[in-house]
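Chemist: Sequences listed follow chains A and B, in order.
Be aware that the first sequence starts at 551, since it is given in this note's numbering, and climbs by one per residue.
Be aware that the second sequence starts at 1000, since it is given in this note's numbering, and climbs by one per residue.
If you are wondering where the hints come from, they were derived from the structure by calculation, not from laboratory data.
Please note that a few of the clues may not be correct.
Beyond 12 Å from chain B on every Cβ pair, some chain A residues (computed) [what the hints assert, rightly or not]: (1) Asp587; (2) Gly622; (3) Ala641; (4) Cys687.
Pulled a few chain A residues facing chain B out of the computed Cβ check, cut under 10 Å [claimed, not checked]: (5) Val594; (6) Cys595; (7) Tyr599; (8) Ala601.
Yeah, the Cβ is synthetic: ideal placement off N, Cα and C, and Gly gets one too.
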Amino acid sequence: MAVFQFTPHALNPAELRGGLADPACGGYASFEGWVRDSNEGQRVCGLEYEAFEALGIREGERIIAEALARFGVAHAACVHRVGKLAIGELAVWVGVSAAHRDEAFRACRYIIDEVKHRLPIWKKEHYLGGDSGWVNCERCAAAAAHSAADAHVHDHA
Amino acid sequence: MDGALPVAPLLGLVLAGGRSTRMRTDKAALAYGGRNQLERAMELIAPHVGRAYVSVRADQSAEPLRARFPQILDLHENLGPIAGLLAAQARHPHAAWLVLACDLPLLDERTLAQLVRCRAPQRTATAYRSSHDGLPEPLCAIWEPRSAAPLAAYVAAGRQCPRRFLLSADIELLDEPNPRALDNINTPEEYRSAMSELLPAATVAAKRVTVQYYALLREQSGRREEALTTRARTAAELYAELARRYPFTLAPELLRVAINAEFRDWSTPLAEGDAVVFIPPVAGG
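Kindly produce the complete structure, drawing on both the sequences and the hints.
Modeler: Right under this line is the structure:
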């Protein structure tokens, strides 16, 4: 099994978990990210993920390798969905197996945090009113335009 | 000439006393085509004035870049550009001052020559109307000796914006011959963009690159991918070029860049055949 992959198909955690089985491991920790029906006060009715897969796979593999090295866990893997997802669907799965639970939990947490910050993947939310928006993009663009207008006053060169 | 009022002699003042906070490096030292901004501004102003000075804060006077030129030290702290002008007027009260910010890399000789030619010595100042907001541009302007008293009173009243001062003064307002001549630069991105515009196009080889667009940039460019010929030397210059073509709303500071599917620095030189992706703020998980 690839340690990191994107897929347009529904995720099956029971099946994914099997790839981490190891008689030397006494613990398995996993994280599942689900599509929620609201974000920042807006009712969300669905979303889509779009990834730059060539770079995303490399970056995902780097994150997994970092987790193995930092926490000394036996196996780790992550799968991220792309395409359209409905409320309640599984968007991302992380699984880690290790000799003991502590490093499994910590490695799992590390992977999902890094995935959220570093993976070149974008999420477009569709809202109940018919609106939609790219998360982290639309609002910061508006904020940047606003601060550029504020900054017009000429600096003392 | 009989009957005409004597016209005050014109001296030059290049403002280089700023803190360059947003640039995060001394703006006076930024180089364009082998010369830094301060040298370039001093060269531009020289033919028009009896003598040119550089305006500096007291703690900057020994810096090698500024020490090469005649200086006028600020007498006030934290007053912005107006401090430089007040100090100059105190030093030579009978002179008119051609004031120039040193962060105007696109300023051309024609713009400066027209300002001097159209000078209205009977008014408080002669300035250009900004092509961006229609307001007077105080830092490429001629300030007559008669501006000194009202300017001192303005500062004494706790105000310090030279643009607002000019708005309420009796000034000669000119239209810019080149609408970008007075674009000032405050951020590294504006610097890179100005640098690429100043570079003679013929000196940089054109190259073929492909650009892939994702998410918001895909929607705003209306395409997933394109092959294009560019003279942009770096990814930063390429983004600036594309941002003139498409209605991008994301400032480059918010983006990362990948070349051939690896994260790269914005200043990485572009090569023939490179595949470039600009990466909007991500949202995984």
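Chemist: Failing hints, ascending?
Modeler: 3, 4, 5, 6
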